[in-house]
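Chains U and Y, in that order, are what the protein sequence lines are. Using the numbering used here, the first residue of the first sequence is number 2, and each one after it goes up by one. Using the numbering used here, the first residue of the second sequence is number 38, and each one after it goes up by one.
Note that these hints are calculated values from the structure, not bench results. Glycine residues also receive a C-beta, built at the ideal position from the N, C-alpha and C atoms. One should not assume that every hint holds.
What the hints assert, rightly or not - Computed spacing ranges between beta-carbons, pair by pair:
hint	chain 1	residue 1	chain 2	residue 2	range
1	Y	Ile316	U	Arg200	52 to 58 Å
2	Y	Gly312	U	Thr147	50 to 56 Å
3	Y	Phe256	U	Gly154	35 to 41 Å
4	Y	Val126	U	Glu137	43 to 49 Å
5	Y	Val126	U	Gly8	39 to 45 Å
6	U	Leu211	Y	Val126	46 to 52 Å
7	U	Ala127	Y	Leu282	31 to 37 Å
Said to hold, decoys possible - Below, a sample of chain U positions facing chain Y; criterion: calculated Cβ distance under 8 Å:
hint	residue
8	Gly15
9	Ala76
10	Glu109
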Amino acid sequence: MSLSVRGIDKSFGGFRALEGVSFEMPTDGLLGIIGPNGAGKSTLFSVVSGFIAADAGSVTLDGRALDRLGAAARARAGMVRTFQVPREFHHLTVRENFMAAAPGQSGESLFGLFLRPGRVRAEEAAIRVEAEATIELLRLAPVADTPAGRLSGGQKKLAELGRALMAKPRLILLDEPFAGVNPVLVEQIMERIGVLNARGIGFLVIEHDLGALSRLVPRLVVMDRGRVLAAGAPQEVLADAAVREAYLGGMPT
Amino acid sequence: MEAYLVAIAIIGAIYVLLALGLTVQYGLTGLVNFGHVGFFAIGAYASALISMQGVPLVLSFVCAAAIAALVAWPIGLVALRLRDDYFAVVTLGFSETVRLTITSEKWLTNGVQGIPGVPRAFAGLGVGMPGALATLGAIALVCLLAALMLRRIAGSPFGRVIEAIRDNEDALRALGKDPARFKIQVLALGAALAGVAGAFYAHYITYLSPDQFIPLVTFYVWMAMIMGGVGRVSGAVVGALLLMLFLEGTRFLRDLAPDLISAVDMASVRLGAVGLALILFTLFRPQGLVGDYTRR
Numbered sequence: 002m003s004l005s006v007r008g009i010d011k012s013f014g015g016f017r018a019l020e021g022v023s024f025e026m027p028t029d030g031l032l033g034i035i036g037p038n039g040a041g042k043s044t045l046f047s048v049v050s051g052f053i054a055a056d057a058g059s060v061t062l063d064g065r066a067l068d069r070l071g072a073a074a075r076a077r078a079g080m081v082r083t084f085q086v087p088r089e090f091h092h093l094t095v096r097e098n099f100m101a102a103a104p105g106q107s108g109e110s111l112f113g114l115f116l117r118p119g120r121v122r123a124e125e126a127a128i129r130v131e132a133e134a135t136i137e138l139l140r141l142a143p144v145a146d147t148p149a150g151r152l153s154g155g156q157k158k159l160a161e162l163g164r165a166l167m168a169k170p171r172l173i174l175l176d177e178p179f180a181g182v183n184p185v186l187v188e189q190i191m192e193r194i195g196v197l198n199a200r201g202i203g204f205l206v207i208e209h210d211l212g213a214l215s216r217l218v219p220r221l222v223v224m225d226r227g228r229v230l231a232a233g234a235p236q237e238v239l240a241d242a243a244v245r246e247a248y249l250g251g252m253p254t
Numbered sequence: 038m039e040a041y042l043v044a045i046a047i048i049g050a051i052y053v054l055l056a057l058g059l060t061v062q063y064g065l066t067g068l069v070n071f072g073h074v075g076f077f078a079i080g081a082y083a084s085a086l087i088s089m090q091g092v093p094l095v096l097s098f099v100c101a102a103a104i105a106a107l108v109a110w111p112i113g114l115v116a117l118r119l120r121d122d123y124f125a126v127v128t129l130g131f132s133e134t135v136r137l138t139i140t141s142e143k144w145l146t147n148g149v150q151g152i153p154g155v156p157r158a159f160a161g162l163g164v165g166m167p168g169a170l171a172t173l174g175a176i177a178l179v180c181l182l183a184a185l186m187l188r189r190i191a192g193s194p195f196g197r198v199i200e201a202i203r204d205n206e207d208a209l210r211a212l213g214k215d216p217a218r219f220k221i222q223v224l225a226l227g228a229a230l231a232g233v234a235g236a237f238y239a240h241y242i243t244y245l246s247p248d249q250f251i252p253l254v255t256f257y258v259w260m261a262m263i264m265g266g267v268g269r270v271s272g273a274v275v276g277a278l279l280l281m282l283f284l285e286g287t288r289f290l291r292d293l294a295p296d297l298i299s300a301v302d303m304a305s306v307r308l309g310a311v312g313l314a315l316i317l318f319t320l321f322r323p324q325g326l327v328g329d330y331t332r333r
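The shape of chain U in the complex, shown without the other chains:
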């Protein structure tokens, strides 16, 4: 059971954003991707999650090739992403954001809505309970009924994680979950990711905050200029001379 990314190429015009990027991770594991700005991390995320089509290469989740699936179908296959800049449904409350993400609602079809009101009500009640549990899990109760657009940056990141959870994925792709988040909240998000991972949900995390990331994940992939530079345990990878050169500009840490 793994996410397997093989030989991904992607060019934008003459610019080669990704060149032969490959990595693999257990579906229920934790993997971090680091690299300087412009290394291709976000492009890689978009390719893996199906928002951008790759020029070459393949993405396989638990043995199933995802290459022909669009973004929505890949999410239904069990892999849900978040965004670098949170994309909350800003007019909906946090609770409504969560409830909107629950899969397979019969009240989402006009026919179901008007022809099976009893079933819709029952499902809605169950989803409400689930949303409440997620709100508790992420300690978002104080803002549960606030329009998501009014949350702070850190709260939005948490809310986006909660919304991703509501879609019942096996693997969550987090795009810079700690960027612009205050240190207290960073610790909280890390701790919650740990709890969720213990429950069997995998995380693939892009992050700039090396310190936080290397404490969170047992394995790192380092990218630079569209290629995978190194992969391995955080300590080994960070000791690598090429990595220090590319990512840290050769500075001693």
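Given the coordinates of chain U, assemble chain Y onto it according to the supplied hints.
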């Protein structure tokens, strides 16, 4: 005087139906439909032509809604790949295509000469007040049902998803839901409401010609929605009634200064007055009378 009031009430109610259709499309889902009048025209001609074959009006109304919704389907498939502004241009082009098709397909629509003698609704009650009042009652009932239906939709899981589409489509895709499926349903639903509005129009006015279906109608509906309050069912109703007040109220502008404004200029002066009202609204009450949900 009573006849005049009933007449503008009926036209006002037709605008309410049109505004409700646009509210579900733009207010709730964020679809910038600049071709609303196209679906209105399709409903009007469909119901007129079908009823003139001797089909009962109840059935021709259902056909008007169904045909307008069916036409929305392929438009949706093609156009929903486009972003907001392109979608607006495509729908505007669609409504003009409908109008030009009506103009040129004389075998079906009698072209610019139009279709006279469309069966009058409640003809059994005669041409005068009783028939008009019955028509008003019927359209008011349909408006009420449509408003209740939209309220139900807005508060449902379906409503939650379409509002999510309006807020951020990509985020919804990332959660495993296909925006296109929902947008097509919304487009068809709004088109069906416009189609019913068209059928009422056809069987009330009893004469159809292509020049009744110019893009200006679409923008009147947009004005109604903006003045009433975007994204609210009550906003569509209030806005449409306010629009009628402006459109009809400006008729009497000339009475104020009959020497200053010639009868020929009057149409332009009215349009100017309506435009001024819209500008004042956006300046001093941008959220509309009832309040703009999308700016909450």
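* Range agreement (Cβ of U:Arg200 with Cβ of Y:Ile316, hint 52 to 58 Å) -> Distance hint for Y:Ile316, U:Arg200 holds at roughly 57 Å.
* To do: Can you let me know if the beta-carbon spacing of Y:Phe256 and U:Gly154 is within 35 to 41 Å?
  => The hinted range 35 to 41 Å holds for Y:Phe256 and U:Gly154, with Cβ atoms some 39 Å apart.
* **Hinted contact U:Glu109 with chain Y - closest CB pair below 8 Å** => holds, 5 Å
* To do: Return holds or violated for the Cβ distance of U:Leu211 and Y:Val126 against the range 46 to 52 Å.
  => Holds, at about 47 Å.
* Hint check for U:Thr147 and Y:Gly312 - Cβ pair distance inside 50 to 56 Å -> 38 Å Cβ-Cβ, so the 50 to 56 Å window is violated.
* Given U:Ala76 was flagged as interface, is its beta-carbon under 8 Å from a beta-carbon of chain Y? -> holds, 3 Å
* Please verify that hint: U:Gly15, Cβ, nearest Cβ of chain Y, below 8 Å or not. => violated, 26 Å
* Status of the given 39 to 45 Å range, CB of U:Gly8 versus CB of Y:Val126 -> For Y:Val126 and U:Gly8 the Cβ distance comes to about 40 Å; the hint holds.
* Asked: Is the distance from the Cβ of U:Ala127 to the Cβ of Y:Leu282 consistent with 31 to 37 Å?
  -> violated, 47 Å
* May I ask you to test the hint 43 to 49 Å on the CB atoms belonging to Y:Val126 and U:Glu137? => At roughly 47 Å between Cβ atoms, U:Glu137 and Y:Val126 fall inside 43 to 49 Å, so the hint holds.
Of the numbered hints stated above, those contradicted by the structure are hints 2, 7, 8, listed in ascending order.
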